[in-house]
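Trainee: Take a look at the letters that make up each chain.
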Amino acid sequence: MTKYIRRAAAFCALLLVALLVNASRVQVVDSGTYDDNPANRRQAITRFDQPRGDILVDGRAVTGSRDTGEQLRHERTYRNGPLYAPVTGFASQVYGTTFLEHAEDDVLSGTDPMLAPLPLWNDITRAQNPGGKVVTTIKAAVQQAAHAGLGGKKGAVAALDPATGEVLALVSTPSYDPERLSGTSTAVTDAWAELNADPDKPMLNRALSQTYPPGSTFKVVTAAAALDAGGIDDLDAPTESPDPYTLPGTSTSLANEVEGCADASLRYAFQWSCNTVFAKLGVDTGQDALAGTAKKFGFDTPGLKIPSPVATSTFDTSMDDAQLALSAIGQYDTRATPLQMAMVSAAVAGGGSVKAPHLVDRTTTDDGDTVASSGTETLRQAMNPGTAVQLRELMTDVVEEGTGANAAIDGVTVGGKTGTAQHGIGNTGTPYAWFIAWAQKPGDAEASVAVAVVVEDAAADRSDISGGGSAAPIAKAVMEAALSGG
Amino acid sequence: MTGTAAEPTPVPAVRVPRRRGTELALLVVAVLLPVYGYCDVGLARDGSVPPGAAGYGAGLGVLALLAHLAVRLRAPYADPLLLPIAVLLNGLGLVLIYRLDLETPGDHAAPTQLVWSTVGVALFIGVVFFLRDHRVLQRYAYLSVVTALVLMIVPIFFPAVNGARIWIRIGGFSIQPGEFAKILLAVFFASYLAANRNALAYTGRTVWKFKRLQLPTGRVLGPIVAIWLLSVGVLVLERDLGTSLLFFGLFVILLYVATGRTGWIAVGLLLAAVGAFAVGSLEPHVHSRVQDWLHPFASIDAGEGPNQLAQSLFAFAAGGLLGTGLGDGHSILIGFAAKSDFILATAGEELGLTGLTAIFLLYALLVERGYRAGLALRDPFGRLLAIGLASIVALQVFVIAGGVTGLIPLTGMAMPFLAQGGSSVVTNWIIVALLIRVSDSARAQPLPRERA
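Taken in order, these protein sequences are the chains called H and W.
The UniProt record's numbering numbers the first residue of the first sequence as 1 and each following residue consecutively.
The UniProt record's numbering numbers the first residue of the second sequence as 1 and each following residue consecutively.
Hints may contain errors.
Once the Cα atoms are required to be at most 20 Å apart in a straight line, the calculated SDA-like pairs of lysine to any residue come out as [as the list claims (entries may be wrong)]: (1) K441(H) x E393(H); (2) K201(H) x L56(H); (3) K3(H) x A109(W); (4) K305(H) x S374(H); (5) K3(H) x W293(W); (6) K305(H) x N122(H); (7) K3(H) x I265(W); (8) K3(H) x A58(W); (9) K305(H) x V371(H); (10) K3(H) x P380(W); (11) K3(H) x A201(W); (12) K3(H) x G260(W); (13) K154(H) x D198(H); (14) K201(H) x S374(H); (15) K295(H) x Q210(H); (16) K154(H) x P202(H); (17) K441(H) x S374(H); (18) K3(H) x T262(W); (19) K3(H) x A44(H); (20) K295(H) x K201(H); (21) K3(H) x N196(W); (22) K295(H) x G230(H); (23) K441(H) x G485(H); (24) K154(H) x L195(H); (25) K441(H) x E377(H); (26) K305(H) x A163(H); (27) K201(H) x G230(H).
If you are wondering where the hints come from, they were derived from the structure by calculation, not from laboratory data.
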């Protein structure tokens, strides 16, 4: 019988081995698959178990966290939600995260390994770090000025510090309160459905995610390309441009809204926004040179992150001359985000240097120890410094005695450029009024703010004056706020 | 247990050391570990030691001490590992149930479990005190089997709970009589096989000209197959597949140990295959369990959320190698039966593979000590009883642990000592008492001279 008892014992040992092997499979080998299964609530429970870190503007939190005592314990709250929604995005328990909430999620949720006191510490102890903080470059006064300026209109504002690339304001209207999407209740799903169905698209971040035809503001890029290419030496020399201008290879004739564009100088054409002069200038400069300069400003460069993702601004590179002529004045397929146009303005103000725009100054631990900080980074030189000086002169003229007079600030050097873009089939859509500008205090070595404003303006007519009418005052208010704060 | 007392000069009768001091020392550890776990739960949840820690430790300590005294008085040669393992597992079970109670404020199971543990220890002491010789049980073989059958049949007349008719509800108490039937059946099988093993081993006809594969004659086979069919039939009616599997496994193991005939294993496996196939495809309750086992995430894909098995697998996976720590897991997501059938998932999540392996090895050690007693004993009944009781523990652990970790289809059973359930914990204490008794007999018998 002893032999058979030993065999039965061996059988029991076999059962033990089977259990241990299977337990190792479930707990170690395959555990990742189980952990990541979307039906496994553990990751969500852990994620919302502690308060989410805050996003700071001017040293003050614009976000918060509410303890609900439910299974998913903490819900995101926002102070001044609609004002900062284009900056923060939302952090929802149902719909995930967007913009800064998404880009800096590791820090805010506390999972970033850099938050741990020691490397690998958390992997061993399973400790969770308190959510870190994200310190933005946004200036509350500038943000508020931009938001108030847009008022009830549809539009967007992006403001930069030309010297550093810091984003001072990022506004999109109409906006929404991201707090409505934080939790899991039916109110949240209702809000989500309502916001998505809203024809005004309040969740669309027009400053970053939407591209618009830049209209005449793109003439800054065209002028930079022409000046860099050496086609024009003297800003005051006649350009030998006909008015009207027949688009090459077609019988379509392009006209101007203003007088005196025939054979006008570049200074006059820029000041009063002569389409004929810039269309011809674009064709004369050539597609490659124009596309090259546009690319150096940041067009056709996908993947820009500030760290929120920015839609790619485009300049077509396979066009006939008629299309090139239209593209040179910011029509046809040319499209830009408000942030991109603010970068164009900042490059002119900053001697041609394009600084990497960034929204986050630094990320810190809960205690305030810096985890990562962003410094000034030069992306490219968009044009020769000499060209930049000439363009500054042209843009200053626009504000001093041209279409952008509404943006003038007493005692401050302001440069600007107006724009109006038609869109829709047969140009039936509400026109976009543009204004891009920069401002430099007397005595300062550099301009301290560059801004781009776009407004969907029902009152805008075909004239570029409208850009100066509805968008320039907003730009002025934004620049004033930036100047007084800085 | 034979080599420890080797002496150079032959002595007519050498007895092994009693090892009661070892047992007491191990018991201290077995009490302190759960107390530590209890404090750990409190520290993890509220940052403070739970107020009941001292009382809990004292209660568990007193139970362990009383059991130890009973063993010291009436079974002085008993295996010193059995009682500490039982106390440790029971204590760990109480900690895990207490920990899960924190998630269900309306339902506190730990105090009830402590009461049942006390009853279990009392019965343990009773058995150790009043059952002086295990061979007495052999006389009650037929009384055992009749009682076992009655115990299994009675619940059929009570309403089903969660699809299984295995409970009797009287007043506020619910009892699972099938748990007690396990011991009685083990006694009967051991007794019957000890009496008839020669007949079973040496008669029969050869089939397919295989000399080794001899089937026993119907005359010998008849009674035992009848008992087996009856018990399995009752269980299928009660839809308690786990216990059915346990009885079947117990029956085959004891038959093989008693006769050494591989033919029995062939017959057993054949019967098991046919039975499993028939029940698995015909009985909807069991069929769905098999489907869940094959496709644990089917309900997720169907948009109905994870089922219990999926939640159990998630819990084990969340534990990883080292576990989340007591009180820091989310095994309560399993929902219903988290404290009973799925208690192991909490252990897996919060103690990790490390803790789970330790628990498995504790069970393995318990089984091993039972087998060791079986090897050392000389009377066939005692040997078969020891093997049977140890095999009950081994099979039960395998069936339920394999079920909740997705190794085999899930069947509702209680993890011995760990799971919430009064009948189960009481039964397991009696099993350990009987193992104490047989191991005492095994180690107390004089060593044969030639081996001294």
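Trainee: All the hints need checking, so say for each whether the structure fits it.
Mentor: Do the hints match the structure? See the list:
Proximity of K441(H) to E393(H) is assessed by CA-CA distance (about 15 Å); at most 20 Å being required, the pair is judged to hold. Taken as a hint, the K201(H) and L56(H) pair is broken in the structure, with Cα atoms around 26 Å apart against an allowance of 20 Å. Only pairs whose Cα atoms come within 20 Å are accepted, and K3(H) paired with A109(W) is rejected, the gap being roughly 44 Å. At roughly 13 Å between alpha-carbon atoms, K305(H) and S374(H) fall within 20 Å of each other, so this suggested pair holds.
Between K3(H) and W293(W) the alpha-carbon distance is near 36 Å, which puts this suggested pair outside the 20 Å criterion. Between the alpha carbons of K305(H) and N122(H) the distance comes to roughly 29 Å, so the proposed pair goes past 20 Å and is violated. Annotation: proposed proximity of K3(H) to I265(W) holds, straight-line Cα distance about 15 Å (limit 20 Å). As the CA atoms of K3(H) and A58(W) are separated by approximately 44 Å, the hinted pair breaks the 20 Å bound.
Restraint check for K305(H) and V371(H): satisfied, since their Cα atoms lie roughly 19 Å apart, inside the 20 Å limit. In summary, the hint linking K3(H) to P380(W) is supported, as the alpha carbons are separated by about 14 Å, within the 20 Å threshold. Restraint check: the Cα-Cα separation between K3(H) and A201(W) comes to about 14 Å, which is no more than 20 Å; the hinted pair holds. This hinted pair checks out: K3(H) and G260(W) have alpha carbons roughly 8 Å apart, not beyond 20 Å.
Between K154(H) and D198(H) the CA atoms are separated by roughly 13 Å; this keeps the pair inside 20 Å, and the hint holds. At roughly 32 Å between alpha-carbon atoms, K201(H) and S374(H) are farther apart than 20 Å, so this suggested pair is violated. Between K295(H) and Q210(H) the CA atoms are separated by roughly 18 Å; this keeps the pair inside 20 Å, and the hint holds. Our distance criterion of 20 Å between C-alpha atoms is met by K154(H) and P202(H), whose separation comes to about 9 Å.
Taken as a hint, the K441(H) and S374(H) pair is broken in the structure, with Cα atoms around 26 Å apart against an allowance of 20 Å. Restraint check for K3(H) and T262(W): the C-alpha separation of about 13 Å stays at or below 20 Å, so the hint holds. Under the criterion of a C-alpha separation no larger than 20 Å, the hint pairing K3(H) with A44(H) is inconsistent with the structure, at around 54 Å. For the suggested pair K295(H) and K201(H), the alpha carbons sit about 30 Å apart, so the restraint of at most 20 Å is broken.
For the hint linking K3(H) to N196(W), the alpha-carbon distance of about 19 Å falls within 20 Å, and the restraint holds. A hinted pair counts as satisfied when its Cα atoms are at most 20 Å apart, and K295(H) with G230(H) qualifies at roughly 18 Å. The suggested pairing of K441(H) with G485(H) holds, with an alpha-carbon distance near 12 Å, which does not exceed 20 Å. For a cut-off of 20 Å, the pair hint linking K154(H) to L195(H) stands: about 15 Å separates their Cα positions.
For the proposed pair K441(H) and E377(H), the alpha carbon gap of about 23 Å is over 20 Å, so the pair is violated. Among the hinted pairs, K305(H) with A163(H) is consistent with the structure: their alpha-carbon atoms are about 18 Å apart, no more than 20 Å. In summary, the hint linking K201(H) to G230(H) is not supported, as the alpha carbons are separated by about 44 Å, beyond the 20 Å threshold.
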